[in-house]
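Participant: Each chain, written out:
There are 6 protein chains.
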Amino acid sequence: MNKKIMDFRQRREKLNQIILDRDNVNIKRFFAIDTATYRGGALNAKTKELLGLVASTVLRCDDCITYHLDRCIEEKVSDDEFDEAMAIALIVGGSITIPHLRRAYELWTGGK
Amino acid sequence: MNKKIMDFRQRREKLNQIILDRDNVNIKRFFAIDTATYRGGALNAKTKELLGLVASTVLRCDDCITYHLDRCIEEKVSDDEFDEAMAIALIVGGSITIPHLRRAYELWTGGK
Amino acid sequence: MNKKIMDFRQRREKLNQIILDRDNVNIKRFFAIDTATYRGGALNAKTKELLGLVASTVLRCDDCITYHLDRCIEEKVSDDEFDEAMAIALIVGGSITIPHLRRAYELWTGGK
Amino acid sequence: MNKKIMDFRQRREKLNQIILDRDNVNIKRFFAIDTATYRGGALNAKTKELLGLVASTVLRCDDCITYHLDRCIEEKVSDDEFDEAMAIALIVGGSITIPHLRRAYELWTGGK
Amino acid sequence: MNKKIMDFRQRREKLNQIILDRDNVNIKRFFAIDTATYRGGALNAKTKELLGLVASTVLRCDDCITYHLDRCIEEKVSDDEFDEAMAIALIVGGSITIPHLRRAYELWTGGK
Amino acid sequence: MNKKIMDFRQRREKLNQIILDRDNVNIKRFFAIDTATYRGGALNAKTKELLGLVASTVLRCDDCITYHLDRCIEEKVSDDEFDEAMAIALIVGGSITIPHLRRAYELWTGGK
Chain A
1 MNKKIMDFRQ
11 RREKLNQIIL
21 DRDNVNIKRF
31 FAIDTATYRG
41 GALNAKTKEL
51 LGLVASTVLR
61 CDDCITYHLD
71 RCIEEKVSDD
81 EFDEAMAIAL
91 IVGGSITIPH
101 LRRAYELWTG
111 GK
Chain B
113 MNKKIMDFRQ
123 RREKLNQIIL
133 DRDNVNIKRF
143 FAIDTATYRG
153 GALNAKTKEL
163 LGLVASTVLR
173 CDDCITYHLD
183 RCIEEKVSDD
193 EFDEAMAIAL
203 IVGGSITIPH
213 LRRAYELWTG
223 GK
Chain C
225 MNKKIMDFRQ
235 RREKLNQIIL
245 DRDNVNIKRF
255 FAIDTATYRG
265 GALNAKTKEL
275 LGLVASTVLR
285 CDDCITYHLD
295 RCIEEKVSDD
305 EFDEAMAIAL
315 IVGGSITIPH
325 LRRAYELWTG
335 GK
Chain D
337 MNKKIMDFRQ
347 RREKLNQIIL
357 DRDNVNIKRF
367 FAIDTATYRG
377 GALNAKTKEL
387 LGLVASTVLR
397 CDDCITYHLD
407 RCIEEKVSDD
417 EFDEAMAIAL
427 IVGGSITIPH
437 LRRAYELWTG
447 GK
Chain E
449 MNKKIMDFRQ
459 RREKLNQIIL
469 DRDNVNIKRF
479 FAIDTATYRG
489 GALNAKTKEL
499 LGLVASTVLR
509 CDDCITYHLD
519 RCIEEKVSDD
529 EFDEAMAIAL
539 IVGGSITIPH
549 LRRAYELWTG
559 GK
Chain F
561 MNKKIMDFRQ
571 RREKLNQIIL
581 DRDNVNIKRF
591 FAIDTATYRG
601 GALNAKTKEL
611 LGLVASTVLR
621 CDDCITYHLD
631 RCIEEKVSDD
641 EFDEAMAIAL
651 IVGGSITIPH
661 LRRAYELWTG
671 GK
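Chains as they are written, first to last, in our numbering: chain A, 1 to 112; chain B, 113 to 224; chain C, 225 to 336; chain D, 337 to 448; chain E, 449 to 560; chain F, 561 to 672.
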């Protein structure tokens with residue numbers, strides 16, 4: 001597996017634990033909903049991860065993109081599906097998203 | 113059909129025409145790509161409209177939401193699929209998106 | 225009471241009901257946390273409403289500003305406290321927030 | 337002159353006065369710098385208004401766009417210059433800015 | 449003291465000096481207001497730093513979060529107060545703020 | 561030439577190539593318009609780069625700022641012109657842009 005993604009997973013896990021250890025009930029419930037929202041339902045998990053990926057890209061958050069990109073690989077999103085999702089993020093969000101596209105494609109092409 | 117959506121369509125059409133009549137080549141090419149990006153390919157048109165809907169919601173643009181919501185109705189997105197897409201937009205974008213969710217649901221429930 | 229705020233309350237209530245009637249579990253849980261987060265705790269309810277007001281202003285959401293401004297009146301925020309919170313929102317968020325400040329002050333000065 | 341722009345000017349003036357009457361020193365100083373920043377210097381006033389217009393468009397604030405568009409008319413920005421500035425705002429900010437472009441062009445073409 | 453915060457302070461100081469040395473009057477006045485706005489008044493300095501912290505978090509700026517977090521430590525914000533402020537930032541700003549929360553909590557828990 | 565800018569150019573070039581090699585027609589056309597939009601026309605190339613610089617700063621994208629700053633150097637933007645453009649970005653975008661201003665000035669003063 002891609003080393004950058006593996007490092008991201010470990011750091012994400014560790015820091016999430018620091019937050020959850022604080023034991024603030026509203027933050028913990030937020031994290032629980034966040035996980036639940038991406039479970040397959042009327043829309044399957046793959047479609048939901050693409051929605052998360054595009055939302056993260058137009059909002060320009062590298063860590064969020066990395067997370068959903070990693071999940072997209074797990075959900076067997078194809079190269080063409082990835083491109084078409086990124087094309088929508090690019091047209092909606094504009095050239096200001098291009099640096100994030102660059103880093104996303106670097107991960108995507110290194111991550112297979 | 114929902115009157116608000118019909119009014120939106122007409123006003124959108126009229127103002128787009130004003131822009132295109134100016135005949136700026138880069139703006140016209142941008143509009144052309146914008147249309148092309150949502151055509152079905154590796155991802156079908158319905159999935160792409162859901163991507164556009166969620167992107168528009170987290171970026172909090174009412175007109176963009178109205179446009180993609182209208183297209184989602186045409187693409188036969190179900191109530192449950194709409195809810196699950198909105199739930200993702202809400203968890204990603206936070207409570208600041210709620211006023212847009214309110215207006216989206218007003219259109220959605222009046223638009224069927 | 226200020227008529228604009230009263231109209232806002234009614235419309236907000238009505239549209240929230242439309243959303244909650246859809247009965248999507250993640251959206252409903254999000255709304256529940258949203259309410260719980262502003263309850264007084266280590267920080268009192270007044271301070272939390274000021275935090276909500278400033279967050280809404282720098283993110284430039286009129287409906288969110290109206291809601292927290294209304295709650296600030298209930299929590300007996302003074303004119304000077306309101307001004308100082310708005311001054312922080314203005315310096316952080318820049319002149320792009322000024323149209324929202326205008327509408328906030330229109331409500332605030334008409335709302336007492 | 338365009339009626340929408342004239343109404344905007346009057347409402348802007350009136351609400352700015354409400355803010356300034358509160359006499360918060362930091363808000364008043366912010367407003368003073370805001371005015372000073374657009375005065376001609378190494379860059380002339382026309383160029384500065386175009387900078388304000390594009391910044392307002394990518395940040396998607398209708399009132400800010402209206403203000404700078406009005407000032408651009410005063411500074412004798414030509415139709416082609418306006419188009420080229422808008423084309424930059426569109427490519428940087430993406431399709432999410434299009435509803436604002438629509439309203440900007442409606443004002444611009446009605447405002448001459 | 450936390451090394452990351454100390455490094456941040458030094459780098460911030462050094463680069464601010466580069467900006468101020470350019471001697472642009474409007475930028476210098478902006479910096480002066482920025483400092484003045486957080487001084488205690490009708491709202492005390494601690495509350496103002498919490499406002500700055502939440503505003504920085506929903507706008508997702510790591511350096512701004514670090515600065516206000518550092519000031520919150522100086523103003524003796526408690527762990528529970530910090531959690532409750534972060535919970536508001538999270539609910540308002542959504543999951544897109546979580547990477548910033550992670551880094552903020554890493555600093556906060558290492559910074560005591 | 562400034563080493564940071566040179567490294568940025570090389571990395572940008574390399575990653576752009578990864579994106580373009582994917583051969584998605586809409587993404588490729590977007591990149592083509594992006595280049596075309598900044599060519600001199602009714603507004604000259606220098607003014608357009610200043611527009612790109614200010615748009616990038618208020619949207620707070622370091623890579624976009626670096627790119628347009630590099631182009632501004634090529635277009636012979638003077639120190640005073642740079643300061644006045646940055647002053648507009650700062651007043652429009654607020655103190656949340658200051659960390660980006662710091663990094664921009666570090667590049668600018670090291671880049672001459």
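Hints in this document: simulated from the structure, not taken from any laboratory.
Using N, Cα and C, we set each Cβ at its ideal position, and we do this for glycine too.
Any given hint could be a false lead.
[What the hints assert, rightly or not] Here are a few chain C residues that sit away from chain E, every Cβ distance over 10 Å (derived from the structure):
#	residue
1	Asn226
2	Lys227
3	Lys228
4	Arg233
5	Gln234
6	Ile242
7	Leu244
8	Ala266
9	Thr271
10	Lys272
11	Arg295
12	Ile297
13	Glu298
14	Lys300
15	Glu330
16	Leu331
[To be verified] BS3-like, lysine-lysine: derived pairs with alpha carbons at most 27 Å apart:
#	chain 1	residue 1	chain 2	residue 2
17	D	Lys382	F	Lys636
18	D	Lys350	C	Lys227
19	D	Lys364	E	Lys476
Participant: Now tell me if each hint is right for this structure.
Facilitator: Here's how the hints hold up against the structure:
The beta carbon of asparagine 226 of chain C sits about 22 Å from the closest Cβ of chain E, which is more than 10 Å, so the claim that it is off the interface holds. A cut-off of 10 Å between C-beta atoms confirms that lysine 227 of chain C is not in contact with chain E; the least separation is 27 Å. With 10 Å as the threshold on Cβ separation, the claim that lysine 228 of chain C sits away from chain E holds: the shortest Cβ distance comes to roughly 22 Å. Distance check on arginine 233 of chain C: its Cβ is at least 20 Å (rounded) from any Cβ of chain E, clearing the 10 Å threshold; non-interface status holds.
Residue-level check passed: glutamine 234 of chain C sits 23 Å from the nearest beta carbon of chain E, beyond 10 Å. In this structure isoleucine 242 of chain C is separated from chain E by more than 10 Å, as the shortest Cβ-Cβ distance comes to about 21 Å. Non-interface call for leucine 244 of chain C relative to chain E: holds, since the shortest CB-CB distance, roughly 17 Å, exceeds 10 Å. For alanine 266 of chain C, the requirement that its beta carbon stay farther than 10 Å from each beta carbon of chain E is not met, with the minimum near 4 Å.
With a least beta-carbon separation of about 6 Å from chain E, threonine 271 of chain C fails to lie farther than 10 Å from that chain, contradicting its non-interface assignment. Not every beta carbon of chain E lies more than 10 Å from that of lysine 272 of chain C, the smallest distance being close to 6 Å; the non-interface claim is violated. At roughly 13 Å from the closest C-beta of chain E, the C-beta of arginine 295 of chain C stays outside 10 Å, upholding its exclusion from the interface. Non-interface call for isoleucine 297 of chain C relative to chain E: holds, since the shortest CB-CB distance, roughly 16 Å, exceeds 10 Å.
Against chain E, the non-interface label of glutamate 298 of chain C holds: every CB pair exceeds 10 Å, the least being about 17 Å. Lysine 300 of chain C, annotated as away from the interface, keeps every beta carbon of chain E farther than 10 Å; the closest lies near 13 Å. At roughly 21 Å from the closest C-beta of chain E, the C-beta of glutamate 330 of chain C stays outside 10 Å, upholding its exclusion from the interface. With a least beta-carbon separation of about 19 Å from chain E, leucine 331 of chain C lies farther than 10 Å from that chain, consistent with its non-interface assignment.
Annotation: proposed proximity of lysine 382 of chain D to lysine 636 of chain F holds, straight-line Cα distance about 19 Å (limit 27 Å). Our distance criterion of 27 Å between C-alpha atoms is met by lysine 350 of chain D and lysine 227 of chain C, whose separation comes to about 20 Å. Restraint check for lysine 364 of chain D and lysine 476 of chain E: satisfied, since their Cα atoms lie roughly 16 Å apart, inside the 27 Å limit.
Consistency note: the structure conflicts with the earlier hints numbered 8, 9, 10.
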